[in-house]
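From first to last, the protein sequence lines stand for chains A and B. For the first sequence, my numbering begins at 1 and goes up steadily by one. For the second sequence, my numbering begins at 1 and goes up steadily by one.
If you are wondering where the hints come from, they were derived from the structure by calculation, not from laboratory data. From the three backbone atoms N, C-alpha and C, an ideal C-beta is built for every residue, glycine too. No false leads were slipped in.
List of simulated lysine-lysine pairs, BS3-like, C-alpha gap at most 30 Å:
#, chain 1, residue 1, chain 2, residue 2
1, B, Lys162, A, Lys112
2, A, Lys329, A, Lys260
3, A, Lys16, B, Lys99
The following residues of chain B were derived to be distant from chain A, with all beta-carbon distances above 10 Å:
#, residue
4, Leu12
5, Ala17
6, Lys98
7, Phe116
8, Gly213
9, Val224
10, Ala257
Residue-level listing of the chains:
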Amino acid sequence: MDLQCRNIHVSLEQKKILTDINLEIKSGQLISLLGPSGCGKSTLLKTIAGLLPPDQGEILIDGKVINHLPAHKRGTVIVFQDLRLFPNMNVEENIAFPLKMRGVSKEIRHKKASELLEMVQLEGLGQRQITQLSGGQLQRVALARALATSPQILLLDEPFSSLDENLRQDMRNLLLDLHKQLGITTIMVTHDPKEALMISDKIAIMLNGRIVQYDDSRTLYNCPANQAVADYFGPANYIEGEVRAGVFQSDAVSFRTTKKDGRYKAMFRPTAVKLSTGHGDYRIIRIDYMGEHSNITLQGNGLQILLTVISDDRLKIGDQAAVEFDTTKAILLEGEASS
Amino acid sequence: MNTRGIIVGKILLACFALTVLIPIVVILVWSFAARWPWPILLPHSFSLRGLQEIFGGYSGALQVLGSSIVLSLIVALLAVLIGTMTARSLVFYNFYGKKLIELGTILPIIIPSTVFAMGVHVLFIRFGLADNVVGVIIVHLICALPYTIKIMTDVTAAFGGKLEEQASVLGASPLQILKEITLPCLLPGIISSACMAYIISFSQYFLTLIIGGGNVKTFAVMMVPYLQSGDRTIASAYSLVFICSALLVFVIFEKTAKRFTKNGSNYFFV
Numbered sequence: 001m002d003l004q005c006r007n008i009h010v011s012l013e014q015k016k017i018l019t020d021i022n023l024e025i026k027s028g029q030l031i032s033l034l035g036p037s038g039c040g041k042s043t044l045l046k047t048i049a050g051l052l053p054p055d056q057g058e059i060l061i062d063g064k065v066i067n068h069l070p071a072h073k074r075g076t077v078i079v080f081q082d083l084r085l086f087p088n089m090n091v092e093e094n095i096a097f098p099l100k101m102r103g104v105s106k107e108i109r110h111k112k113a114s115e116l117l118e119m120v121q122l123e124g125l126g127q128r129q130i131t132q133l134s135g136g137q138l139q140r141v142a143l144a145r146a147l148a149t150s151p152q153i154l155l156l157d158e159p160f161s162s163l164d165e166n167l168r169q170d171m172r173n174l175l176l177d178l179h180k181q182l183g184i185t186t187i188m189v190t191h192d193p194k195e196a197l198m199i200s201d202k203i204a205i206m207l208n209g210r211i212v213q214y215d216d217s218r219t220l221y222n223c224p225a226n227q228a229v230a231d232y233f234g235p236a237n238y239i240e241g242e243v244r245a246g247v248f249q250s251d252a253v254s255f256r257t258t259k260k261d262g263r264y265k266a267m268f269r270p271t272a273v274k275l276s277t278g279h280g281d282y283r284i285i286r287i288d289y290m291g292e293h294s295n296i297t298l299q300g301n302g303l304q305i306l307l308t309v310i311s312d313d314r315l316k317i318g319d320q321a322a323v324e325f326d327t328t329k330a331i332l333l334e335g336e337a338s339s
Numbered sequence: 001m002n003t004r005g006i007i008v009g010k011i012l013l014a015c016f017a018l019t020v021l022i023p024i025v026v027i028l029v030w031s032f033a034a035r036w037p038w039p040i041l042l043p044h045s046f047s048l049r050g051l052q053e054i055f056g057g058y059s060g061a062l063q064v065l066g067s068s069i070v071l072s073l074i075v076a077l078l079a080v081l082i083g084t085m086t087a088r089s090l091v092f093y094n095f096y097g098k099k100l101i102e103l104g105t106i107l108p109i110i111i112p113s114t115v116f117a118m119g120v121h122v123l124f125i126r127f128g129l130a131d132n133v134v135g136v137i138i139v140h141l142i143c144a145l146p147y148t149i150k151i152m153t154d155v156t157a158a159f160g161g162k163l164e165e166q167a168s169v170l171g172a173s174p175l176q177i178l179k180e181i182t183l184p185c186l187l188p189g190i191i192s193s194a195c196m197a198y199i200i201s202f203s204q205y206f207l208t209l210i211i212g213g214g215n216v217k218t219f220a221v222m223m224v225p226y227l228q229s230g231d232r233t234i235a236s237a238y239s240l241v242f243i244c245s246a247l248l249v250f251v252i253f254e255k256t257a258k259r260f261t262k263n264g265s266n267y268f269f270v
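Could you build all of it, start to finish, from the sequences and the hints given here?
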């Protein structure tokens, strides 16, 4: 099902939470809402699901406005971060709850619940109490229960944030498999940029209640709309300069570009800068050892440069070094003042 | 916990149990004692006078017990209903005068009932609520509500609205949410506050006497004169029936509540 949000504004207790949200998701897509805590991601999910009324704006499913529909008639289901499994029911009753609400008979409920349990790889655990399951298993039950509604839109609110990294990867794979199998239009809220890049068709970056950029993973990473978006995907080096006649010029680096004339900042990710030791204008001032890789901070030319290298014990603080910018990976951000 | 801690814990538990059980045993023995002068350890002689007083039919104790239980059940039901709804509005909504209402809900605990009884009495006479059952039910409610509201506010706050939100997005209508989620989750609080309200109403003597004006006879009203007059055999027999009937009602509360919600866990009794 296509989902569209048009000019959504939401306030909670007279405080503006969401401003002018426009979002379009094609049927069967999986998109991520990415942003720091408190930027309004969960509020947007609740608004789409009908738990919060928007001040203005429209929500459309398959071109039909659904603002007037109460939450239980929308076919939009949320899996919350805290899972919210019903403590007064066992696993099977939890999963079959949406079916029971629709008046589905007991046998069919049992059959469907067994199928769903199998789908999330929890065969035979239907009769367990939810207090008898581990974190990862609870996550799967919550997912299965949401799928039991046969949702038009599946909304996931940081579903894996309480799991450790191995389990998260398992759950991501499971989610991707299920998404491929069922093709449900899905929005996943996350604050983990890697997770978003890994699994989404498109990513919407939210900052302070606004969507600042909505693009596919590669575009977002390679052509961020501004420095805030770029920063969200990790630290970067910014070099101020100017484009004149198709050439970006600065004290540290110059290269050809197709951008128009004007002031720009060239952004280089730490992996887009190479280090050569021995001599040069830069001095190593900090080494962060991270196992296979190390982050090196250099100073020189009035700049501080962060780069990532394969760990090398010969590097020492105070060493002189030169840097080489991989200009094919440079990203030019327009006309921003220094930050 | 180490063994010493466990032993200390067990001793404490035994002390608590004994402080409750010893008086009950004394009452039990007294109910059947004819004479039990101090400092003799066991009664001189036994009699069935207490039993006859209550079950003999001439005192009307059983009828009063019956109507008293019904009256207190009505109070408990109303108190739970009002308490649950008040708690919900206090926890989930912000409205003008909320703090004032919160204060109002605990006022009957802060002000002794002997103090406000007079004022309530005057008011009830004016409204035609004095000397009848409705007035007594209302005044019992005034005493019971602070406790039910407090219990239900805590339970409602702990339960939160989160499971209701979840049920809603899973396709449950408001009525279905109430039946399947809200009531089962509030059940421990509902049972506790019903028991609390019941026992407050059932043991209310002074207010029943003032507002009921002698027309409304409850078990407590019947029992207290015996306690005061010093006829220990009859007073003990009344006390025993009082305790047993209250316990029985509590068990019925829990069984009934569970039947409606099919909740698997136990709160008070097996």
